[in-house]
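Peer 1: What follows is each chain in one-letter form.
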Amino acid sequence: MNAPVDAGMALSPEIAPSTAAPPRPIRPATTESALTRVLLIGVALAFMGLMLVLPLVAVFTEALADGLGHYFSAIADPDALSAIRLTLTVAAIAVPLNLVFGLCAAWAIAKFEFRGKSVLITLIDLPFSVSPVISGLIYVLLYGAHGWFGPLLEAWHVKIIFTVAGLVVATIFVTFPFIARELIPLMQEQGTEEEEAAVSLGASGLQTFFRVTLPNVTWGLLYGVLLCNARAMGEFGAVSVVSGHIRGVTNTMPLHVEILYNEYDFVGAFAVASLLALLALVTLIGKSLLEWRLGRRLSGGSGH
Amino acid sequence: MSLQAIGITKTFNQFTALKDVSLTVEKGEFMALLGPSGSGKTTLLRIMAGLDTQDAGEVRFNDEDVTGHSLRDRKVGFVFQHYALFRHMTVAENVGFGLKVRPKATKPAASEIKRRVDELLHLVQLEQLGARFPSQLSGGQRQRVALARALAIEPSVLLLDEPFGALDAKVRKELRRWLRRLHDEMQLTSVFVTHDQEEALELADRVAVMSAGRIEQVGTPDDVYHRPETAFVYEFMGNVNRFDCRIQEGHARIGPLVVSAPEFSSARDLPGLAYVRPHDITLRAADEPGLPAVIRHVFTAGPGIRVELQRRDTKTQIEANLPHDASRQLLLTPGTEVSLTFSGARVFAAG
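Going line by line, the protein sequences match chains A and B.
For the first sequence, this note's numbering puts the final residue at 304, and the numbers step up evenly by one.
For the second sequence, this note's numbering puts the final residue at 1351, and the numbers step up evenly by one.
By construction, these hints were calculated from the structure, which means they are not laboratory data.
There's no promise every hint is true.
Cross-link-like lysine to aspartate or glutamate pairs, in silico, EDC-like; alpha carbons within 20 Å at most [unchecked claim]:
no.	chain 1	residue 1	chain 2	residue 2
1	B	Lys-1170	B	Asp-1196
2	B	Lys-1075	A	Glu-195
3	B	Lys-1107	B	Glu-1119
4	B	Lys-1100	A	Glu-195
5	B	Lys-1075	B	Glu-1058
6	B	Lys-1173	B	Glu-1162
7	B	Lys-1170	B	Glu-1198
8	A	Lys-111	B	Asp-1052
9	B	Lys-1173	B	Glu-1198
10	B	Lys-1173	B	Glu-1199
11	B	Lys-1075	A	Glu-193
12	B	Lys-1019	B	Glu-1229
Since the model is a prediction, treat every value here as computed from it, not as a measurement.
Next up, chain B with everything else stripped away, as it sits in the complex (with noise of 0.2 Å):
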């Protein structure tokens, strides 16, 4: 089924959550919803599954507006941030729940019943825990949990709400990927909201940076990363060092430096804003060209070098990370002075 939102708008008192979002959801797509907290993200999740009304706009499910149909008509599989747990019931009655209540004429018999469940705890692998209480399993279990009840009633579209920010990073990594084949498997339409930009590209098809209630971009992981839009989600799409700097036909200058701005060919003396990765910044002995800049720290631990440095002229803190091989060309010690060039670089007019 393909999801649809058209010019959502939501405000709650006075405090504007959305403003005229737009967005489209393939057939069989794993849509992020990414941004910081405050970005309206959930607030859109929650109005395509008829938890909350927007203001304006429709929502709209493989063409047909559902914009009238309540939380329990759409029928969507919703997984809420903390499980949401019947706290009272065992694992197995949470599960068989959605199908326990439906009306009389469609309810599956009793051992019905009883084998979906197996078959969905077999699914999510824990057989073994049916008669548990919630809060006797761990995190993760839970969130199992709450993806096998949601999948119960069969829905055709899943939506995710931050789905493993409550678990520690390893059992956070194990989950997406399984997640991730359990919606090929299961052929779903999935839309997840999360604020960690690594989970968004790792795990979805096309990813939706939303801020402060507007959607930046949406495209493929390659896309937001790659070749972000706007200033935002250049800076949200991981680390990134920004400069002050000013363009002017097709160069920007940052201090000493001069990187290309093609895009503003015919600008005159404007006041920009550059965006350098951590991983495009080189470290050159000071006698070289380039931005002055002392070392302040060297981070040896992960799979490169972080260092911490300061710009001589603006006393502004970088950080550029090295490959392991580098330390053995230059001498990095804090306190050593070394002049700094950029492999690429990233031009956005100011304001």
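Just chain A, same shape as in the assembly (with noise of 0.2 Å):
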């Protein structure tokens, strides 16, 4: 007796014979009409030449307005080339700095549970959410001549107001965010296993980190860098207030701008501008590149 096998046949649905409809041009879910994507793509197009294209053709035609010779004699101008020391030298020690703070603050909590995590966070954030002048403001609160540990800093000789030290102070409270919260979700993401197989297999603290967590974040500690110093040489608002503004002192290139502009020297203005610009379209060039890096190791390609 073969009942079980009939019961289970009986069970089993029909196939619905097709029907013969028209065929209709299929489209998927998503895709819109032919009119809707050329007014949507010309609109994003229209308004990013207006606002992002226009300005940076500006900036370069303005500063070559008087030919290749005013441009770089305005850019050799000892102020000028002071500004850009300056710049470079700021940037050169908050940049590395941030880094290790960001590192440090990243890795905290990643990897790490403990009471006022969140808070910790939230500080992080806080450089975002502040107006950049008012950052700069705070220092002077805190270390100028009136301020709180004005008198302390008096009495052993320490300026930072109106000094290198004190747009280096503003700078790393403004780009600190950048690398730190480059790498908090990357190093969440990546959990704490890698490091526990590391220990479980006789690493000690320092080489787990140097050996699985760092190379495991390098690409976007890379990125972050990247950021950071950009805002790092273009910021304005905090180092205009720490700074003072004495020309070929405590000057850096945003700051000269400014200045040469408000003393209507265009050509000067633009051509520091320029290279400001320019370093902004490097920055960019390299944030696209290790996107696509990042893109590539992300989505479980080899990246090597």
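Got two chains here, each in a separate frame; can you build the complex from them with the hints?
Peer 2: Below is the structure:
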């Protein structure tokens, strides 16, 4: 007797005969009509051209308005050269320090559980949410001649406000979140299993950090450094408050651009500005390269 | 090396993961920690490895208290559930890691490390893949790399957290036979965590069944399967039907059926639970004595016939497994009324 088999057959649904409907053009569910697409893309491109590309072109046109000779002599001006040097110096100090601080903060937040962790995460975002001018003013209030620590610093003959030290401190504050913000999600996603594996195989804490933790975030770290550097060189507000605008001493490139512009030296202002714009472009290209690289790694490709 | 956990207690915030758990793993033994998720089996394994610290209790290796020893000093081979391979290193670099990070005094020469790595890759049958990155390997291959990496430090204890959890059924079967051979050949003492009873029963010398932070029973696969000590173990070891019953003087009454419960010879009308395995159920014609039920579904694919039934009186589901030739004697079609008898039942007091 094969009753069970029969029962099984009876249960299986009959295949419905296909009805002969006229074929309709098939469009994926998420695709819009041609007109909508052209309109949307057109609006986006027009907006970008007007707001982003045109100003960039204007910077270079203005800078070269009186010819290459004037352009280079404007850059070679001692005050301009000093501003360039100062900007590079500030970035060269602030970025490595933020690299260390950012890495420490991200490591602590992503790999360990402790009280006040959420407070720390919020604090890291503070420089993003506070206006840079306020950031500058905070430091004047703290370290200025009439600030909280003013008398103490004066007694030790340490000057922070209106010196390079002030510029560095203000820049560190403003650019702090870039590296930490980049690393925290990356490290959180990676978890602690690889570190646990390394220690179980006999690695020390330092070996684990340099052989496992750090190599795993290299590209994210570079990306953060790039963004941090771009902002460090371009920062205006916070730096402007603590700098005191002493020409050839505490004037960074963005500040120098403003001074030249206010003095109606348009070629000079735009020549220095074009250097900053160039820097931004280089940063963007580097960022795209890194994103491409990161994207490949995250999507499970070889990445090597 | 023998392994011992004595009176281990561990709480995470408010949640008690382990309550006064003691377990001894003999030298050379292959022990399975079996339980549902949240039963504390992984926590116990991690505490034995030194990855987590217990709130109370002791861990002993060869009768030496290693509670104060760090993960690094315990030198156990640990295989993580998701392998935890170093993603930026090649397979060969992964396997050689444990040798490369040794202090200068004990670190083998580069050529020796390479020889050891080749040897281990040969052992796990991945000789050709040394230059690949973990992301280029299949799940089973990653699992074997993780094993080779753990074995590189020549541990005498191997601890594995759900070692086959992320693999498909066929690879899983192959790998576990291979792992068992490896354990025997290398004379390891191994403990592995699993929620799959079939895996535990097939692979382990002894099984520790865990539930809600406690060990319910420790015994050979034969013991825990055929002589479960608690209702939980009975229920967890494969499919089982549960019936509410009344226990009275050595017998349990399930509806009109009476099964023997010799452990309760002095009981007077006690509420109980009777467990009956699907293959211990016999189907008879409806006019014969037994528990009346209706056939709901019949599944003929597989080693036997699986029949889903519904009790006439309480409407609860019952599952029975019959040999294929049983269908010749009975009309197995949905809707047929039958009478059930049990060739074996285990009775526990309720609650």
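Peer 1: It remains to establish, for every hint, whether it holds in the given structure.
Peer 2: Evaluation of the provided hints:
The hinted pair formed by Lys-1170 (chain B) and Asp-1196 (chain B) meets the criterion: a straight-line CA distance of about 15 Å does not exceed 20 Å. Our distance criterion of 20 Å between C-alpha atoms is met by Lys-1075 (chain B) and Glu-195 (chain A), whose separation comes to about 15 Å. Distance hint between Lys-1107 (chain B) and Glu-1119 (chain B) is fulfilled; the C-alpha atoms sit about 17 Å from each other, no more than 20 Å. With a C-alpha separation of about 15 Å, the suggested pair Lys-1100 (chain B) and Glu-195 (chain A) falls inside the 20 Å cut-off, and the hint holds.
Under the criterion of a C-alpha separation no larger than 20 Å, the hint pairing Lys-1075 (chain B) with Glu-1058 (chain B) is consistent with the structure, at around 17 Å. For the suggested pair Lys-1173 (chain B) and Glu-1162 (chain B), the alpha carbons sit about 14 Å apart, so the restraint of at most 20 Å is met. The straight-line distance between the Cα atoms of Lys-1170 (chain B) and Glu-1198 (chain B) is roughly 14 Å, inside the 20 Å bound, and the hint therefore holds. A hinted pair counts as satisfied when its Cα atoms are at most 20 Å apart, and Lys-111 (chain A) with Asp-1052 (chain B) qualifies at roughly 14 Å.
As the CA atoms of Lys-1173 (chain B) and Glu-1198 (chain B) are separated by approximately 10 Å, the hinted pair is consistent with the 20 Å bound. Our distance criterion of 20 Å between C-alpha atoms is met by Lys-1173 (chain B) and Glu-1199 (chain B), whose separation comes to about 8 Å. A threshold of 20 Å between alpha carbons decides the hint, and for Lys-1075 (chain B) with Glu-193 (chain A) the separation of about 17 Å falls inside it, so the pair holds. A distance of roughly 19 Å separates the Cα atoms of Lys-1019 (chain B) and Glu-1229 (chain B); the hinted pair therefore holds under the 20 Å criterion.
Violated hints are absent here; each numbered hint is respected by the structure.
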